[in-house]
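Peer 1: Using the hints, put the two chains back together into the complex; each one sits in its own frame.
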Amino acid sequence: MNAYAGIFAVSCNREQPEEAKTLQREQQLNQFLAGVERRALRFAEIAVRDRDEALDLVQDAMIKLARNYAGQPEAEWTPLFYRILQNGIRDWHRRQMVRKRVMVWFGRTSDPEDDYDPVAQAPDPMGRTPDEQIEAREAMQTLEHAIGDLPARQREAFMLRTFEGLDVAATAVAMGCSDGSVKTHYSRAVHTLREKLGEHWQ
Amino acid sequence: MKKPLDDKDLAVQAKALFDDSVEQLDAATLSRLNRGRQKALQEVRAGGPAGQWARWVPAGGLAAAAVVAVVVWQGAPVEHSVPEAGSAADFEIMLSEDSLDMLEDLEFYSWIDTANAVPDSDVG
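Chains as they are written, first to last, in numbering that gives the first Met the number 0: chain A, 0 to 201; chain B, 0 to 123.
Looking at chain B on its own, in the form it has when it is part of the complex (with noise of 0.2 Å):
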């Protein structure tokens, strides 16, 4: 009569199946382990202080690449199409009615630049 597994045979049994299974493993599959493991261990060489500084390499570079980027971007000449807030304070200046007043006595108003501009010497 068999005898009924209990938990600790079948881990018993699993264990040694598994370890067989383990030493089975071919010299192929070995040798990719060693080279992965070889690559892993690249990782514990660049993990020093040079490493570290090295790793950051690639992320610095790209940041300094946008903020290049946005500078130049902010710094490029722009081309106004339309006419700036002064331009047309200036043209509704030219339209109002005092200006068109002042157009009319425009030798009146010439005269008196001349005349501030003489020192007060000569007019006496």
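So that you can see chain A by itself, here it is in the shape it has in the complex (with noise of 0.2 Å):
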């Protein structure tokens, strides 16, 4: 009897730490998405313009990255998470490019109403006037489009840098490139940037 205690508590005394290991796993998961999540899709939203397909994609990347490098160590989540999310944001573009060869093969196009619209319908929760609201958003709208004509790679450098502020080495890691390419791709993106936002900023 005693010795089927004795196993039975040995047995116990395994699985809780496995247990306790995994939910605290858990929780810094959870504290890692709830942080990153928000700017995540606006990330996505910018590069896709559309919010839904920005929604599943970031979904899809929580849940890779949850699948597969949980057990890494935290530092190293957020270039692995940018990475996956850009992944799938450059494969969905591929999807887009062949759904549009196959459209206009069976000529039809795009529905004008489908169209992306930016303006939010939220109050706005800092307390700005409506023109301070219409300002900054038209001003996001022309950052965003300048973004958005971006080469991809000049895009997602300029995003990782300048909005999830990864240093170099974090950003090649989410690019899957080279250092030397970061800033290659950065100071290219931020010429052009400055070029055709400089008439609307000072």
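To be clear, the hints were calculated from the coordinates, so they are not data collected in a lab. Cβ atoms here follow ideal geometry from the backbone N, Cα and C, with glycine treated the same way. Among the hints, a few may not be true.
[Claimed, not checked] Which stretches of chain B does chain A cover? Using the computed rule of at least three CB atoms under 8 Å from a CB of chain A, they are:
hint, region
1, 6-12
2, 15-25
[What the hints assert, rightly or not] Not the full set, but computed from the structure, chain A residues with beta-carbon under 7 Å of chain B:
hint, residue
3, Asn29
4, Ala135
5, Ala138
[Stated by the list, open to error] Distance windows between CB atoms, simulated:
hint, chain 1, residue 1, chain 2, residue 2, range
6, A, Lys20, B, Asp18, 30 to 36 Å
7, A, Ile133, B, Val21, 15 to 21 Å
8, B, Val67, A, Glu73, 44 to 50 Å
9, B, Val71, A, Gly179, 58 to 64 Å
10, A, Ile133, B, Gly60, 56 to 62 Å
11, B, Gly59, A, Pro72, 27 to 33 Å
12, A, Pro16, B, Ala15, 44 to 50 Å
13, B, Ala68, A, Val101, 21 to 27 Å
Peer 2: This is how it looks when you write it as structure tokens:
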């Protein structure tokens, strides 16, 4: 009887740390994802110009990170997450290109009502006047269009460095390229944006 | 006179606008993000030892089904529409001239067979 109790106790002691470890990892990941999800959504939305598609892409990236990299050190999650998201965005653009080709072949074009509408309907949490809100939205719209017109790699480098605040090394991991390439893409992106936005901004 | 926009100003202004747009996200969008996050966290729960085994169950089932299918297929009775090699050889022997001679002396061979079957003590 005592022997059975001993075996049971050993078994419980083995399982408990494992469960506690999983729970701790889950809490850490929850905290990480909660901190990154909103910015990731806007990141994806600027890249694909569609909120629903962006939501799907962010959800897929979160699931893939949890499935494949939850065991990785927490410090590596940010570049890994953005790498997964970038890959999802690239795949999305490839699918869109194929879809457009098929649509052209069948003589159909996209519905103008499906075009991206960046004007949000929510009240302003910062308490600004409607004029100030409109001004800020228009400025963001101009910026989004300018970023959206950049080549994909320049757009990725600019958004990761500027919006997410990743350093060159982390951006390189997220983009799957060298540090030198990140610097080149970022520099070109800034140059192009400055030319485009210089008239609007000061 | 407007001050020319330098790289740092551009980055600062762009980030401020981006941060502002993040804050403007509506409740419905935030709710969808939350649901997506909870779905992702289920993957961590499923990532334990039991969960890892559970993940292989469909693949294992498929592999087992494939093995069973192959075994059943190999074990099924096969109908031979052509004669076996052994049958053809027998047929050739039957048609050979030697065999026809043997048929003519059938009584003789039958007697030899009977004689061999009888013990020596009976012959003597």
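Peer 1: Quick check on the hint: asparagine 29 of chain A CB to chain B CB, less than 7 Å?
Peer 2: Hint holds; asparagine 29 of chain A Cβ to chain B Cβ min 6 Å, cut 7 Å.
Peer 1: Let's test the interface hint: is any C-beta of chain B closer than 7 Å to that of alanine 135 of chain A?
Peer 2: holds, 6 Å
Peer 1: Grab the minimum C-beta distance from alanine 138 of chain A to chain B and call the hint holds if it beats 7 Å, violated otherwise.
Peer 2: Given a least distance of 6 Å, the restraint on alanine 138 of chain A holds.
Peer 1: Just tell me: holds or violated, for the beta carbon distance of lysine 20 of chain A and aspartate 18 of chain B against 30 to 36 Å?
Peer 2: holds, 35 Å
Peer 1: Count the residues of the region 15-25 of chain B whose CB lies closer than 8 Å to any CB of chain A, then report whether that count reaches three.
Peer 2: holds (count 9)
Peer 1: Mind checking the hinted window 44 to 50 Å against the Cβ distance between proline 16 of chain A and alanine 15 of chain B?
Peer 2: holds, 46 Å
Peer 1: Take a look at whether the Cβ-Cβ distance between alanine 68 of chain B and valine 101 of chain A falls inside 21 to 27 Å.
Peer 2: 37 Å Cβ-Cβ, so the 21 to 27 Å window is violated.
Peer 1: Would you say the C-beta atoms of isoleucine 133 of chain A and glycine 60 of chain B sit inside 56 to 62 Å of each other?
Peer 2: holds, 58 Å
Peer 1: Mind checking the hinted window 58 to 64 Å against the Cβ distance between valine 71 of chain B and glycine 179 of chain A?
Peer 2: holds, 60 Å
Peer 1: Do glycine 59 of chain B and proline 72 of chain A keep their Cβ atoms within the hinted range of 27 to 33 Å?
Peer 2: holds, 32 Å
Peer 1: Please test the hint of 15 to 21 Å on the beta carbon pair from isoleucine 133 of chain A and valine 21 of chain B.
Peer 2: holds, 18 Å
Peer 1: Three residues minimum, CB to CB under 8 Å: does the region 6-12 of chain B make the cut for coverage by chain A? Let me know.
Peer 2: With 5 residues in contact (Cβ-Cβ under 8 Å with chain A), the coverage given for the region 6-12 of chain B holds.
Violated hints amount to a single one, hint 13; each of the other numbered hints is respected by the structure.
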